[in-house]
Structures are given as structure tokens and as C-alpha cells.
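Asks: Residue-level listing of the chains:
2 protein chains.
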Amino acid sequence: MDNTSGLFKDFAGLISSEDIKMAQPFLKTLHFEKDDLLLKKGEVCSFLYYIIDGIALYITLEGKKEQVVHVSFAGEFCLALYSFYARLPSEANIRALTKMQVIGLDYEKVQHLFDKSKNWERVGRLFAERAFIDALRTKHDIQHKTAHYRYQKLIEQRPEILQLLSLGQIASILGISQETLSRIRAKR
Amino acid sequence: MDNTSGLFKDFAGLISSEDIKMAQPFLKTLHFEKDDLLLKKGEVCSFLYYIIDGIALYITLEGKKEQVVHVSFAGEFCLALYSFYARLPSEANIRALTKMQVIGLDYEKVQHLFDKSKNWERVGRLFAERAFIDALRTKHDIQHKTAHYRYQKLIEQRPEILQLLSLGQIASILGISQETLSRIRAKR
DNA sequence: ATCCTTTTTTGACCTAGGTCAAAAAATCTG
DNA sequence: CAGATTTTTTGACCTAGGTCAAAAAAGGAT
Chain A
1 MDNTSGLFKD
11 FAGLISSEDI
21 KMAQPFLKTL
31 HFEKDDLLLK
41 KGEVCSFLYY
51 IIDGIALYIT
61 LEGKKEQVVH
71 VSFAGEFCLA
81 LYSFYARLPS
91 EANIRALTKM
101 QVIGLDYEKV
111 QHLFDKSKNW
121 ERVGRLFAER
131 AFIDALRTKH
141 DIQHKTAHYR
151 YQKLIEQRPE
161 ILQLLSLGQI
171 ASILGISQET
181 LSRIRAKR
Chain B
1 MDNTSGLFKD
11 FAGLISSEDI
21 KMAQPFLKTL
31 HFEKDDLLLK
41 KGEVCSFLYY
51 IIDGIALYIT
61 LEGKKEQVVH
71 VSFAGEFCLA
81 LYSFYARLPS
91 EANIRALTKM
101 QVIGLDYEKV
111 QHLFDKSKNW
121 ERVGRLFAER
131 AFIDALRTKH
141 DIQHKTAHYR
151 YQKLIEQRPE
161 ILQLLSLGQI
171 ASILGISQET
181 LSRIRAKR
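As given, the protein sequences belong to chains A and B, one line each in that order.
The numbering of the first sequence is the numbering used here, which starts it at 1 and goes up by one.
The numbering of the second sequence is the numbering used here, which starts it at 1 and goes up by one.
To be clear, the hints were calculated from the coordinates, so they are not data collected in a lab.
Where is the CB? At the ideal position from N, CA and C, for every residue including glycine.
No false leads were slipped in.
Selected chain B positions facing chain A (in silico; Cβ < 8 Å): (1) 62; (2) 85; (3) 122; (4) 125; (5) 132; (6) 135; (7) 139; (8) 143.
Work out the full structure: start from the sequences and follow the hints.
Replies: Below is the structure:
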């Protein structure tokens with residue numbers, strides 16, 4: 001499972017030039033084309049990407065249907081957190097929605113940075129805390145708010161998503177069917 | 001919001017006797033009686049409790065109805081994570097379900113430990129990571145599994161809860177109404 | 001035991017949102 | 001532009017689970 005809403009840009013202040021220097025030799029710049037898979041379902045996620053440019057979708061299969069669980073934008077991290085930490089096969093694909101440029105860092109290197117640098121460890125903590133808070137909020141909304149409300153909230157908070165994803169993809173982010181979203185849209 | 005499923009006991013190996021020594025002067029042992037409020041809705045959560053003995057409920061009000069969002073047992077942390085980190089008023093009460101004994105540590109001291117000790121920082125990271133993974137899994141089940149399935153899973157994974165909470169409280173953990181839970185129980 | 005209070009169950013009914021299939025729009029391709 | 005393909009909308013119908021209210025059970029007290 002994934003949810004990489006904690007943004008790296010927010011953590012920039014915590015990282016010294018020394019921390020950057022320490023990480024530098026590990027960083028690899030990578031490119032992906034639209035529809036490339038950054039991670040295949042069943043594989044253990046052994047990298048963490050920081051998105052320089054482009055958009056990634058975290059996609060699961062529920063029955064026959066693809067569900068977009070999360071969208072990651074430039075300035076955000078992109079990884080299958082559960083798989084990454086538990087070292088277990090990912091239940092989702094991560095797929096490029098657009099051409100992408102990312103900085104990749106693999107599992108061992110991340111652990112190395114955590115071991116050697118208190119600041120990186122802290123970034124890791126803050127990232128996880130934010131992701132957690134975000135996941136709880138989403139869970140709460142799904143349980144206690146209507147689909148209509150969630151759609152309005154998405155419009156306000158992540159309007160980019162409306163432009164970029166298909167109806168079905170947006171619906172799955174809201175946790176509803178495509179038809180229901182179409183009906184919500186129909187009425188004003 | 002809260003979800004303190006990451007257990008401290010799991011982190012014990014990470015903490016040296018020196019870390020313990022560092023924390024010692026900050027720790028306060030506290031006692032609560034059944035139904036005491038450890039945190040009131042509207043207050044900023046400025047402590048973290050580690051539960052030595054007893055059980056705490058994290059409770060929100062949806063309309064008129066109390067919803068149990070999370071249950072914390074002995075060996076687990078207990079705090080309103082969102083309020084604690086964001087320094088914003090909690091949307092929930094935390095209430096003692098039983099007589100409790102806890103070790104309390106307040107916000108500034110926690111930050112102090114994070115600042116001074118890499119190991120404590122790491123415990124904080126792992127705690128948040130686990131809580132996040134857990135929250136995502138719960139969210140997934142609410143979205144894609146039936147109430148019946150979630151009930152079976154609760155029986156398997158947290159049977160204590162069945163013994164300790166009322167029907168309505170269990171129902172709210174499962175994200176369903178009390179009547180629905182009663183009906184699920186009725187059939188086998 | 002008996003009365004009182006709380007909790008759980010049952011019944012009748014309702015609704016948000018799902019499913020399936022077809023129509024309509026939009027997009028692509030030569 | 002015509003035709004083919006994909007995406008979105010609409011319609012008809014269904015279902016899991018909600019709500020409200022009353023009945024039944026289970027727990028206290030005295």
C-alpha cells in the first residue's frame with residue numbers, strides 16, 4: 001500500500017548540505033515513458049523515487065477493475081511503502097501517467113542514510129507521520145462523508161487530478177464507481 | 001486522528017540502556033480510573049502515554065453517535081497523533097475503558113528525545129510507518145470488503161476486542177451500525 | 001425474586017451507491 | 001469527413017447496510 005502525500009519539498013529545511021553530499025553518490029536519475037511500470041505487482045519494492053517531473057499512479061486490481069489508490073506528483077516521493085518496508089511483494093503496480101524524470105535511491109541506500117544521518121531519519125519519520133495522518137483522514141471521509149462531499153473536496157484540494165485522470169480513475173480515488181461519479185457531475 | 005497499532009514492545013531491541021537513561025527523568029507514571037478522559041476533544045494533545053496496564057478508547061462524535069476509532073492495549077502507545085504533531089485541537093476524546101496505569105511523556109520531552117537520540121527518532125519513524133500501513137489496510141478493507149468479512153477478520157485478529165467492548169463500540173470499529181453487526185452475528 | 005436500566009435483537013422500511021447494458025459524446029485514424 | 005474506438009452518460013434495476021422503533025434479553029439493585 002502506498003500514500004506518499006508527505007512532500008519532500010516540505011522537508012528541505014531539515015537537510016544540510018552535508019546530508020545532500022552523503023546521499024549524492026547513491027542517487028540515480030532515471031526516465032520513464034508514459035505507461036511504463038515503475039513497479040510491477042508481485043515484485044518487492046526495492047527503490048524509492050523522488051519525482052522531478054511527471055506523474056505516477058499507484059494502481060491495484062480489485063477483481064477485474066483497476067483502482068487508482070494514489071497519485072504522486074513532482075516534488076513527491078513515489079514508492080510502495082508497505083512492500084518497501086516489509087520487504088514483501090507489492091499488491092500494486094506503479095505506472096507512469098506521463099513521461100517522467102525521477103531520482104532513484106534503492107532500499108539499501110535508504111537504510112544506509114537512515115543509519116548514518118539523523119536528519120534523513122527525521123525526514124523518514126515526518127514523511128511517515130504525514131502519510132499516516134493523511135490515510136486516516138481519507139479513511140474517515142470514506143466512512144462518514146458522502147461521495148458528493150468527497151468529490152467537492154477533491155475539486156478544492158487537488159484540482160489537477162480532475163484534469164489529468166480519466167473519469168474511472170478519479171472515481172476509484174473517491175472510492176466510488178465511474179457511473180456514480182458521472183451522476184454526481186451531472187447535477188451541477 | 002489516531003491509530004497506535006505500532007507496538008512499543010516491537011521496538012524494544014532498538015533502544016539502548018543509555019536511551020532509557022536519557023528518557024527516565026521525563027517519565028511520569030500515571031493512573032486513570034475507568035471512564036476517565038485522558039484527552040478531551042478540543043484540547044491539543046500534549047502528551048504521549050505508554051500503556052502499562054489497561055485499555056484506552058479513542059472516540060469521536062459523528063452527529064449524535066460515539067464512534068470508537070481505535071483501541072489501545074497494554075504495551076501500546078496512546079495519543080492523538082494528528083493533534084500531537086500538528087499542535088491542533090483533537091477531534092476526539094481518549095477515554096479509559098478500564099482502570100489504567102500508564103507512563104506519560106509530554107510533547108516537549110518527546111521532541112527533546114527525538115533531537116538528542118537517533119534511536120528514539122527511529123522508534124518514532126517505525127511507529128509512524130506501521131501506523132500508516134495499518135491505516136491503509138483498514139481503509140482498503142472498508143472500501144472493498146463486506147462488513148461480514150471485516151467482522152470475521154476482527155474475530156481472528158483482535159478477539160480481545162469482542163470480549164471487552166459493547167456491541168455498538170465494536171460496530172463502530174468495523175464501520176457499521178450496531179443493528180447490522182447484530183444481524184451479522186445472528187447468522188452463524 | 002422483582003423492578004429498573006441498559007444492551008441486544010428483530011422487524012419494517014429506506015437510501016446511497018453498485019451493476020449491467022445501451023445510448024450518446026468525444027477522440028482518434030486514415 | 002466517415003468510420004472505428006474509447007470514454008462518458010443515462011436508464012433500469014438491485015443490494016448492502018442505514019434508520020427508527022419496538023420487543024426481548026441481560027444485568028444490576030434492592
